[in-house]
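Peer 1: FYI, the numbering for the sequence shown is 1 to 391, going by our numbering.
Since the hints were derived computationally from the structure, they do not count as laboratory data. Keep in mind that a hint or two might mislead.
Quick list of in silico lysine-lysine cross-link-like pairs, DSS-like style, CA-CA up to 30 Å [what the hints assert, rightly or not]:
| # | residue 1 | residue 2 |
| --- | --- | --- |
| 1 | LYS209 | LYS195 |
| 2 | LYS117 | LYS230 |
| 3 | LYS96 | LYS31 |
| 4 | LYS347 | LYS209 |
| 5 | LYS228 | LYS126 |
| 6 | LYS296 | LYS374 |
| 7 | LYS284 | LYS296 |
| 8 | LYS347 | LYS15 |
| 9 | LYS195 | LYS126 |
| 10 | LYS126 | LYS293 |
| 11 | LYS347 | LYS293 |
| 12 | LYS293 | LYS374 |
| 13 | LYS126 | LYS209 |
| 14 | LYS230 | LYS296 |
| 15 | LYS15 | LYS31 |
| 16 | LYS366 | LYS20 |
| 17 | LYS96 | LYS374 |
| 18 | LYS161 | LYS96 |
Per label pair, the in silico range of CB-to-CB distance [to be verified]:
| # | residue 1 | residue 2 | range |
| --- | --- | --- | --- |
| 19 | PHE391 | VAL249 | 14 to 24 Å |
| 20 | THR37 | LYS228 | 19 to 29 Å |
| 21 | ILE185 | GLY357 | 46 to 56 Å |
| 22 | GLU204 | SER269 | 33 to 43 Å |
| 23 | LYS296 | VAL88 | 33 to 43 Å |
| 24 | PRO41 | GLY210 | 30 to 40 Å |
| 25 | ASP29 | GLU125 | 13 to 23 Å |
| 26 | ASP169 | MET1 | 29 to 39 Å |
| 27 | ASP79 | ARG292 | 41 to 51 Å |
| 28 | SER44 | PHE391 | 21 to 31 Å |
| 29 | GLY149 | VAL249 | 18 to 28 Å |
| 30 | THR42 | ARG389 | 39 to 49 Å |
| 31 | VAL266 | GLU45 | 44 to 54 Å |
Where a beta carbon is used, it is the ideal one built from N, C-alpha and C, also for glycine.
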Amino acid sequence: MSTVFTNANIFDGIKDEITKDAWFLVDDDGKISETGTGTAPTASETVDLNGQYVMPGLINAHTHVSLDPNTHDGDGFADIVTVTVRSVEHLRQLLKSGVTYVRGCGSSYGVDRTLAKLQREGKLEKVPQIMPSGAPMTMSGGHGILFHGGNVTDSPDEMRKQVRENFADGAQCTKVMATGGVMSINDNMVQPQLKIPEIAVAVEETHSKGSIVAAHAEANPGIMNALKAKVDSIEHGDYLTDEEIQMMVDQGTYLTPTLLVVQSMVDHSDELPDWEAQKNAEVKEAGFRNFRKAYKAGVKLTLGTDAGCPFTNFDETPKEFEIMVDQLGMTNFDALSSSHHSATLMKLGEYGELAAGKYADFLVLKDNPLADVKAVQQADKQVYQAGQRQF
Numbered sequence: 001m002s003t004v005f006t007n008a009n010i011f012d013g014i015k016d017e018i019t020k021d022a023w024f025l026v027d028d029d030g031k032i033s034e035t036g037t038g039t040a041p042t043a044s045e046t047v048d049l050n051g052q053y054v055m056p057g058l059i060n061a062h063t064h065v066s067l068d069p070n071t072h073d074g075d076g077f078a079d080i081v082t083v084t085v086r087s088v089e090h091l092r093q094l095l096k097s098g099v100t101y102v103r104g105c106g107s108s109y110g111v112d113r114t115l116a117k118l119q120r121e122g123k124l125e126k127v128p129q130i131m132p133s134g135a136p137m138t139m140s141g142g143h144g145i146l147f148h149g150g151n152v153t154d155s156p157d158e159m160r161k162q163v164r165e166n167f168a169d170g171a172q173c174t175k176v177m178a179t180g181g182v183m184s185i186n187d188n189m190v191q192p193q194l195k196i197p198e199i200a201v202a203v204e205e206t207h208s209k210g211s212i213v214a215a216h217a218e219a220n221p222g223i224m225n226a227l228k229a230k231v232d233s234i235e236h237g238d239y240l241t242d243e244e245i246q247m248m249v250d251q252g253t254y255l256t257p258t259l260l261v262v263q264s265m266v267d268h269s270d271e272l273p274d275w276e277a278q279k280n281a282e283v284k285e286a287g288f289r290n291f292r293k294a295y296k297a298g299v300k301l302t303l304g305t306d307a308g309c310p311f312t313n314f315d316e317t318p319k320e321f322e323i324m325v326d327q328l329g330m331t332n333f334d335a336l337s338s339s340h341h342s343a344t345l346m347k348l349g350e351y352g353e354l355a356a357g358k359y360a361d362f363l364v365l366k367d368n369p370l371a372d373v374k375a376v377q378q379a380d381k382q383v384y385q386a387g388q389r390q391f
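All chains should be modelled from the sequences, with the hints used to inform the complete structure.
Peer 2: Right under this line is the structure:
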């Protein structure tokens, strides 16, 4: 059965323009087969969008669905039943907010691997599609201990085994911890954790699977270690140097700045332990300054919020665009393009764009997102996956 959506104003995710009086035809495989303007073709079903604005579904490339955002440490050591139940609820919040695809960047017990399998089998409905990483790769006592201990590895050989086992258990990408972080009391961002030979093995093994490696890397020398190991994306990257920014441009390395988590923790600093609030304040001052430099230099910024970390809720992904515009000086179009960059990073060739041959994952909004990125924050937006309305 085919469905034609008519009377739409379309932002296709690629061009900095709105196509007015547009239509698009979705076949029974959930893909767009045709697009156009004016008179629409006939189809089994017609949906009149009444002049509303249509844009691609959001792709959030940095989430932690197993964590509890109402705690200062994510409560990553909760029992597996609690972790699983809240993960499903968090996934549904993501979808309702407009996120139709997520990349997991670490989950307790590796539950995102099983949830992704259930979603693909049609046994878990009204959730985004999931690219799971399982638990992150971390050193003994490293930052990944927040995720029920993580996948502990202390040598290249151990890393090779851990990555292989993680993929065998259903992972579709790899997360490595190259530095300490804001949320762990016993380390800091300037302490390197996994080293170049260990990260390089993770990259080799993951690339052999045709997939990607995300590196938690907040300061140096960890950022440089991750770049020398040729990871696909730097997560956070708050203390990027000019040299590293140029390396990212030259190597095509993506940056996921996770602005929302930093701002959310600033806004709730009085609810955090003093040591955590102080770390985060320092990160914001340095990070937002360096992200502006990276953007201006041509580094591709992806959409990722670090949802699950303190006070970073799963229904707030669209707020990342607002912070990009207000704090980094990005244009509305460039901010919105971060979602397409997520699709490119994640090698999702059939997502992130509204065009023939792409899956019909899209949002229907009352206002023009290119005129005001806050339009995507609309609470009662329509959310479609493969041409079927979910919310």
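Peer 1: Which numbered hints are broken by the structure, listed smallest first?
Peer 2: The structure breaks hints 5, 9, 10, 18, 19, 20, 29, 30; every other hint is satisfied.
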